[in-house]
Amino acid sequence: KQEVTQIPAALSVPEGENLVLNCSFTDSAIYNLQWFRQDPGKGLTSLLLIQSSQREQTSGRLNASLDKSSGRSTLYIAASQPGDSATYLCAVQGAQKLVFGQGTRLTINP
Amino acid sequence: DTEVTQTPKHLVMGMTNKKSLKCEQHMGHRAMYWYKQKAKKPPELMFVYSYEKLSINESVPSRFSPECPNSSLLNLHLHALQPEDSALYLCASSQDDSSATNEKLFFGSGTQLSVL
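Protein chains in written order, with my numbering: chain S, 22 to 131; chain Y, 4 to 119.
Simulated from the structure, these hints should not be mistaken for laboratory data. Do not rely on the hints blindly, as some may be mistaken.
[Stated by the list, open to error] Simulated crosslink set (DSS-like; lysine-lysine; CA at most 30 Å straight-line):
(1) S:K22 with Y:K22
(2) S:K63 with Y:K56
(3) Y:K22 with S:K89
(4) S:K63 with Y:K12
(5) Y:K39 with S:K22
(6) Y:K107 with S:K89
(7) Y:K39 with S:K63
(8) S:K22 with Y:K41
(9) S:K118 with Y:K22
(10) Y:K25 with Y:K56
(11) S:K89 with Y:K43
(12) Y:K44 with S:K118
(13) S:K22 with Y:K21
(14) Y:K44 with S:K63
(15) Y:K43 with S:K118
(16) S:K89 with Y:K39
(17) Y:K22 with S:K63
(18) Y:K44 with Y:K12
(19) Y:K12 with S:K22
(20) S:K89 with Y:K25
(21) S:K118 with Y:K25
[As the list claims (entries may be wrong)] Examples of chain S residues lying across from chain Y (beta carbon under 7 Å, computed):
(22) P61
(23) L65
(24) L70
[Unchecked claim] Simulated DEER-style distance windows between Cβ atoms:
(25) S:T66 with Y:K41: 34 to 42 Å
(26) S:A99 with Y:A83: 45 to 53 Å
(27) Y:Y54 with S:P131: 31 to 39 Å
(28) S:I28 with Y:K41: 34 to 42 Å
(29) S:R82 with Y:P86: 24 to 32 Å
(30) Y:T19 with S:N84: 21 to 29 Å
(31) Y:K21 with S:R82: 43 to 51 Å
(32) Y:D99 with S:V41: 28 to 36 Å
(33) S:P35 with Y:K56: 44 to 52 Å
(34) S:S49 with Y:A83: 23 to 31 Å
(35) S:N130 with Y:D99: 35 to 43 Å
(36) S:A30 with Y:Q85: 23 to 31 Å
(37) S:P131 with Y:E87: 35 to 43 Å
(38) Y:T10 with S:T66: 13 to 21 Å
Heads up, the beta-carbon is just placed ideally off N, CA and C, and yes, glycines get one too.
Given only the sequences and the hints, what does the whole structure look like? Please build it.
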């Protein structure tokens with residue numbers, strides 16, 4: 022059974038800092054890994070999708086990496102802004118379904 | 004149009020009520036999903052519809068009844084719910100639910116359900 026873990030559970034940093042969110046998964050037989058953003062009481066917004074054959078994806082200030090063999094992914098956020106404050110979830114797609122991690126609650130302090 | 008639209012945004016119901024949640028997308032996606040999310044927890048898959056057929060039911064109690072009238076619409080009928088069913092119910096869609104490696108999920112903003 023696939024298990025996805027995100028560390029840390031919560032993170033608070035000053036505006037302008039670069040930061041890294043971590044995601045690990047137990048079963049390397051995945052199709053893709055996705056990073057989502059969720060604001061309180063809202064739906065999920067897809068940020069980046071890394072296919073199983075890829076090593077990284079970039080979108081603006083976001084960069085996600087994938088090391089399938091070690092079961093790890095990182096989300097790098099450059100030059101953080103208060104508007105980046107949200108919960109970030111990683112999810113791995115297997116043969117049957119998408120399995121989510123518990124999320125990292127990120128707060129960017131002005 | 005890259006939106007998944009859910010109605011209502013908020014719903015309060017008693018344990019004897021019957022209500023329905025609605026979800027709509029016009030992206031031509033052929034797979035649609037219902038997720039349940041409790042506060043401070045990740046979403047949990049409930050149902051998957053593929054080409055308007057129910058393909059996955061994650062052992063959801065029968066008081067939740069999904070329906071896919073056509074490729075753009077997904078309903079979740081609720082009956083005799085319990086207070087512990089209070090949660091954010093999220094609908095999502097993707098182009099296909101096949102094993103394609105680039106299937107991005109698009110989520111609606113959810114229905115916040117409170118069962119009294």
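Quickly compare the C-alpha distance for Y:K22 and S:K63 to 30 Å and report which way the hint goes. Status holds; Cα separation ~21 Å.
Between S:K89 and Y:K39, is the straight-line Cα distance small enough, at 30 Å or below? Between S:K89 and Y:K39 the Cα gap is close to 28 Å, so the pair holds against 30 Å.
So if I understand the rule, the pair passes when the alpha-carbon distance is 30 Å or less; does S:K89 with Y:K43 pass? Measuring from Cα to Cα gives roughly 27 Å; hence the hint holds.
Is the hinted range of 24 to 32 Å satisfied by the C-beta distance from S:R82 to Y:P86? This hint is violated: roughly 42 Å between Cβ atoms.
Distance restraint between S:K22 and Y:K41, which requires alpha-carbon spacing of 30 Å or less: OK: S:K22 and Y:K41 at ~21 Å, within 30 Å.
For the pair we were handed, S:K63 and Y:K12, check the Cα-Cα distance against 30 Å. holds (10 Å)
Assess, step by step, whether the Cα of Y:K12 is no farther than 30 Å from the Cα of S:K22, and give holds or violated. Distance ~33 Å between Y:K12 and S:K22 Cα, so the pair is violated.
Do the beta carbons of Y:Y54 and S:P131 sit within 31 to 39 Å of each other? violated (48 Å)
Look at the Cβ atoms of S:A99 and Y:A83 and judge whether their distance stays inside 45 to 53 Å. holds (50 Å)
Mind checking the hinted window 34 to 42 Å against the Cβ distance between S:I28 and Y:K41? violated (21 Å)
Cβ-Cβ distance between Y:T19 and S:N84: within 21 to 29 Å? violated (51 Å)
Agreement of Y:K39 and S:K22 with the hint, judged by alpha carbon distance not exceeding 30 Å: holds (20 Å)
Hints 1, 3, 13, 19, 20, 22, 25, 27, 28, 29, 30, 34, counting from the list given before, are not met by this structure.
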